[in-house]
Amino acid sequence: MTARTRASATAARAILKLSASSASLGVAILFAGTAFAQDVNAGTKVPDPAASSSTAANPNEAPGAAQRRADNAAVTGDVTPAQNEATAQAVSGAVQDAGGTPEDAAIVVTGFRRSLENAVAEKKSRDQVVESISAEDIGKLPDASIAESIARLPGLTSQRVNGRSNSISIRGFSPDFSTTLLNGREQTSTGDNRAVEYDQYPAEVINQVLVYKTANASLIGQGLSGTVDLRTIRPIEYGKRVISVGGRGTYADIGKLNAGSKDKGYRVTGTYVDQFFNDTLGVALSASYLDEPYQIQEFNAWGYAGGTFNNQPVDIIGGSKSYVTSTNLKRLGLQGTVEWKPVPEFTATLDGFYSDFNDDQIKRGIELPLGFGAATTIPSVTTVTNGLVTNGSFRGVEGVVRNDSFERKAKLYSFGYNGRYEGADGWNAQIDLSLSRTTRDETVLETYSGTGYGQGVGAQDTIGFTSGSTGTAFSPTLNYSDPGLIRLTDPLGWGGANVQAGYYNDRHIVDDLKQYRVEIERELDSPISSVKFGLNYTDRNKSLTPNEALVQLANGALEQTLPTQYQLKPTNLAYLGLGPILSYDPTALLDAGVYRLSSNNNNLDVVAKGYSIQERIMTSYLQANIKQSIGSAELTGNAGVQGVFTNQKSSGNVVANGGLIPVTRGAEYIDILPSVNLALRFPSDIVIRAAAARQMQRPRLDDMRVALAYGYDAAQGILTGTGGNPYLRPIRSNSYDVTVEKYFGNRGYLAVQGFYKQLKSFVYTIANPGFDYAGYPLPSNAPGAVPTIGTATVPINGVGGNIYGVELAGTLPIGEIVSALDGFGLTGGGSYTKTEIVPTPGGRAEDIPGYSRWVANGTAYFEKWGFSARGSLRYRSTFVGELSGFGANLVRRRAAGEMIIDGQLGYDISTGMLKGVSLYVQGQNLTNEPFVTINGTNTNEIIDYQKYGRRFLAGATFKF
Numbered sequence: 001m002t003a004r005t006r007a008s009a010t011a012a013r014a015i016l017k018l019s020a021s022s023a024s025l026g027v028a029i030l031f032a033g034t035a036f037a038q039d040v041n042a043g044t045k046v047p048d049p050a051a052s053s054s055t056a057a058n059p060n061e062a063p064g065a066a067q068r069r070a071d072n073a074a075v076t077g078d079v080t081p082a083q084n085e086a087t088a089q090a091v092s093g094a095v096q097d098a099g100g101t102p103e104d105a106a107i108v109v110t111g112f113r114r115s116l117e118n119a120v121a122e123k124k125s126r127d128q129v130v131e132s133i134s135a136e137d138i139g140k141l142p143d144a145s146i147a148e149s150i151a152r153l154p155g156l157t158s159q160r161v162n163g164r165s166n167s168i169s170i171r172g173f174s175p176d177f178s179t180t181l182l183n184g185r186e187q188t189s190t191g192d193n194r195a196v197e198y199d200q201y202p203a204e205v206i207n208q209v210l211v212y213k214t215a216n217a218s219l220i221g222q223g224l225s226g227t228v229d230l231r232t233i234r235p236i237e238y239g240k241r242v243i244s245v246g247g248r249g250t251y252a253d254i255g256k257l258n259a260g261s262k263d264k265g266y267r268v269t270g271t272y273v274d275q276f277f278n279d280t281l282g283v284a285l286s287a288s289y290l291d292e293p294y295q296i297q298e299f300n301a302w303g304y305a306g307g308t309f310n311n312q313p314v315d316i317i318g319g320s321k322s323y324v325t326s327t328n329l330k331r332l333g334l335q336g337t338v339e340w341k342p343v344p345e346f347t348a349t350l351d352g353f354y355s356d357f358n359d360d361q362i363k364r365g366i367e368l369p370l371g372f373g374a375a376t377t378i379p380s381v382t383t384v385t386n387g388l389v390t391n392g393s394f395r396g397v398e399g400v401v402r403n404d405s406f407e408r409k410a411k412l413y414s415f416g417y418n419g420r421y422e423g424a425d426g427w428n429a430q431i432d433l434s435l436s437r438t439t440r441d442e443t444v445l446e447t448y449s450g451t452g453y454g455q456g457v458g459a460q461d462t463i464g465f466t467s468g469s470t471g472t473a474f475s476p477t478l479n480y481s482d483p484g485l486i487r488l489t490d491p492l493g494w495g496g497a498n499v500q501a502g503y504y505n506d507r508h509i510v511d512d513l514k515q516y517r518v519e520i521e522r523e524l525d526s527p528i529s530s531v532k533f534g535l536n537y538t539d540r541n542k543s544l545t546p547n548e549a550l551v552q553l554a555n556g557a558l559e560q561t562l563p564t565q566y567q568l569k570p571t572n573l574a575y576l577g578l579g580p581i582l583s584y585d586p587t588a589l590l591d592a593g594v595y596r597l598s599s600n601n602n603n604l605d606v607v608a609k610g611y612s613i614q615e616r617i618m619t620s621y622l623q624a625n626i627k628q629s630i631g632s633a634e635l636t637g638n639a640g641v642q643g644v645f646t647n648q649k650s651s652g653n654v655v656a657n658g659g660l661i662p663v664t665r666g667a668e669y670i671d672i673l674p675s676v677n678l679a680l681r682f683p684s685d686i687v688i689r690a691a692a693a694r695q696m697q698r699p700r701l702d703d704m705r706v707a708l709a710y711g712y713d714a715a716q717g718i719l720t721g722t723g724g725n726p727y728l729r730p731i732r733s734n735s736y737d738v739t740v741e742k743y744f745g746n747r748g749y750l751a752v753q754g755f756y757k758q759l760k761s762f763v764y765t766i767a768n769p770g771f772d773y774a775g776y777p778l779p780s781n782a783p784g785a786v787p788t789i790g791t792a793t794v795p796i797n798g799v800g801g802n803i804y805g806v807e808l809a810g811t812l813p814i815g816e817i818v819s820a821l822d823g824f825g826l827t828g829g830g831s832y833t834k835t836e837i838v839p840t841p842g843g844r845a846e847d848i849p850g851y852s853r854w855v856a857n858g859t860a861y862f863e864k865w866g867f868s869a870r871g872s873l874r875y876r877s878t879f880v881g882e883l884s885g886f887g888a889n890l891v892r893r894r895a896a897g898e899m900i901i902d903g904q905l906g907y908d909i910s911t912g913m914l915k916g917v918s919l920y921v922q923g924q925n926l927t928n929e930p931f932v933t934i935n936g937t938n939t940n941e942i943i944d945y946q947k948y949g950r951r952f953l954a955g956a957t958f959k960f
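Take the sequence shown: its position 555, counting from 1, is numbered 555 in my numbering, and each next residue is one higher.
Do not take every clue at face value.
[Stated by the list, open to error] Using C-beta positions, here's what the derived DEER-type ranges look like:
1. V338 with S910: 25 to 33 Å
2. V891 with T545: 19 to 27 Å
3. T793 with N601: 19 to 27 Å
4. F533 with I817: 43 to 51 Å
5. G456 with E846: 37 to 45 Å
6. K330 with D591: 17 to 25 Å
7. G426 with F952: 52 to 60 Å
8. D591 with T793: 33 to 41 Å
9. S629 with L821: 34 to 42 Å
No wet-lab data here; the hints were simulated from the structure.
All C-beta atoms in this analysis are idealised placements derived from N, C-alpha and C, irrespective of residue type, glycine included.
With these hints in hand, go ahead and build the complete structure from the sequences.
Here you go:
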């Protein structure tokens, strides 16, 4: 008898007993307390949102997947969350029929504890190595953002961008090595590459997150390091009407750093779930709107110039480009699902998701050419510490006051249809169709001002400096907020023959992805429980269209005083010692005609930045699911193979003989990807897993462009460029996993997880220092005498290397061990990863982007009597991070290790007029941990030092 049948029979017997006895209420309560003693989830009285999305209408979950997971759980007498909920509802209904209340029937486990138990049950019943997050309640993930929740899982971490966790690294790999799905379907990205930016997805519309750490043949769109599947609620499986609304306020304690910016924001959400026509039609609708500020104090060094002092080699700060940045993030997220089940054998599901995302920034600061510029040091006031000039003074400094705006507008549309048939005769089938589309406009408006037009013309400054562990602080002699001294102009003559009072860069990106999938499955007897075959066709197109212009003053003026009506409150850079600076809204000056744009699109280097990438991928797969008793244990798992047929093309413009030639180039190739996942399940609640697979990860989309973008590097005095390679092949790996897991029912677990990835190929970025730019037109800011020999950096395929590691993970409800500590618990994990990948041909093993040797995270919690409290920390050791550079292009720098500490208090009201109200307060980044990057391996030479401040949130949800 299957676990599903046993659960139904148990509920039926409970109802039968209740109707046959005059003491039925007491019998029902006694039954509820004993039948589910080993699984405290059994009496959960509110439908479990994670169970409603764990297998239903997901193309990577075959129609028979729910039953296989139930059978796996039954080995140790457990049930899945979905079975558990169905039984709990049946018992609750029986008790109410006998005159009791729902509370009489329920062993109530709610909130964070319930989400942990659901995650444990999910991990335990799967055949792959997975980690998961389940919502505490409808529309309520444990953290304020999806990325923060995911980053708390064992072996995972995140990088903060503008103070927000926005990308995920799995097992030491950068986000480029993983993929993200929505309800099992690949998604387009708001970034330049494939990696999803999690800001785009409101946490309130997601009810479960699964992270697959091993591959299987039927998982489409899987990544090399892992696959993240975001899942929304399934209304029929949820089985109950619910309306939930919520709101929260946000406060950034670092303050309002720019004129017109905010330190307070808010978020409002709403969810509606219902069923109709005898539960044959279900609807789930969610909406979320966010308007929140982020503030950043930044120090940034151009780099460190080499020199001599007292005949000894020393380094000295080469220049500074430091800002205060104020960001206002607005996002509207809408999600809807319609589920139709006209007969028990067939279910049709239609999903829709829409996100409208606006990220507006204003950046104000001063750019100071120092060791790399024309300024000179004053030897008599120079101090050297460990080869670095830590104190000194520069004379002849010509600073450039910057008022820059950055606007990023992105819209994401995602639709999916799934029709699945589960026959009583053992034949199952499904069809899945999906569309994902992203449009993004990213506009950077840089504007400059200074003491005069051109180098050596205006007033010059003598600036003292002190370089230390937080960057460099300055002591200037000029007042950079004086509108009579600081004028709109091109202070250092960056425009060459053209007056360039700023630069305008507008990048338009479109990403389209369509998928078509069919699958058929036949259920069999042991040892092969079922066999399935499927086909998936993916059609993806991503393009970039550049639009660039010089910002010039109206009427061809060389310089101009800032009109009084546009003068804003000076921005204070006291944290760097620079004091107040002249401030204005650059967009307002452009709209008013103070500035005008002079198109730079005729320059071939600008046109060459555009590209269009096309991928046509046919995937076929065959997978056998395994179930075989071995003594008292049971072996479950799957074995299969994918055949992946790829046709990739890249279109763009190539510079030749001073002109542009449109070209399309590409490649075709086939990958055969076998995989096996085995889990040996013992009645003692121990699960031993082993997995092996051939995996691949496609190259970055922007690495596949056919064009070469180049410009003039004033610091080096040469032409430099970066290009793509339309012939790139994927990164391929032979991957192996072994895990040992000890469970305590569904309440907790301890696990040791080891992995080894042998990268048979890799994508290297190679700098060619002898690239000849003869025939290429000179960039507008390049002097006429610049040499034609420069550098060009392009990606190529090469031999890979090894990366391996071990993860320790667990969830421990301490109250199960010490009864006096009921309600207390711990969850978290730590990982050690070693890389032997050589990212530079002929070089030595180095850290790849996103790699941290040590990663740890943990949460201590208390939850009882409706009250909840938890504190969390995330730690990662030093890593190579990706930051936004000039023109929104990514640059890589060595980041220091960091530890982030967060906390939360909450209270759920379960009686009275306010029943269903949940109150909470949260504190994020409580220690104000900075983000720091350094100059290579020189830990005393700080490149970036960013402080985001603490964030405090308070809110409430109401469910009825």
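Take the C-beta atom of T793 and the C-beta atom of N601, compute their distance, and say whether it sits inside 19 to 27 Å. holds, 24 Å
Could one say that the CB atoms of F533 and I817 fall in the range 43 to 51 Å? holds, 47 Å
Cβ-Cβ distance between D591 and T793: within 33 to 41 Å? Because 37 Å falls inside the window, the suggested range holds.
Status of the given 34 to 42 Å range, CB of L821 versus CB of S629: holds, 39 Å
Quick one: are G456 and E846 within 37 to 45 Å, going by C-beta? holds, 42 Å
Okay, V338 versus S910 on CB: inside 25 to 33 Å? For V338 and S910 the Cβ distance comes to about 32 Å; the hint holds.
Do the beta carbons of G426 and F952 sit within 52 to 60 Å of each other? holds, 56 Å
How does the Cβ-Cβ distance of V891 and T545 compare with 19 to 27 Å: does it lie in that range? holds, 22 Å
Confirm or reject the claim that K330 and D591 have a C-beta distance inside 17 to 25 Å. holds, 20 Å
Hint check: no violations occur; every hint is consistent with the structure.
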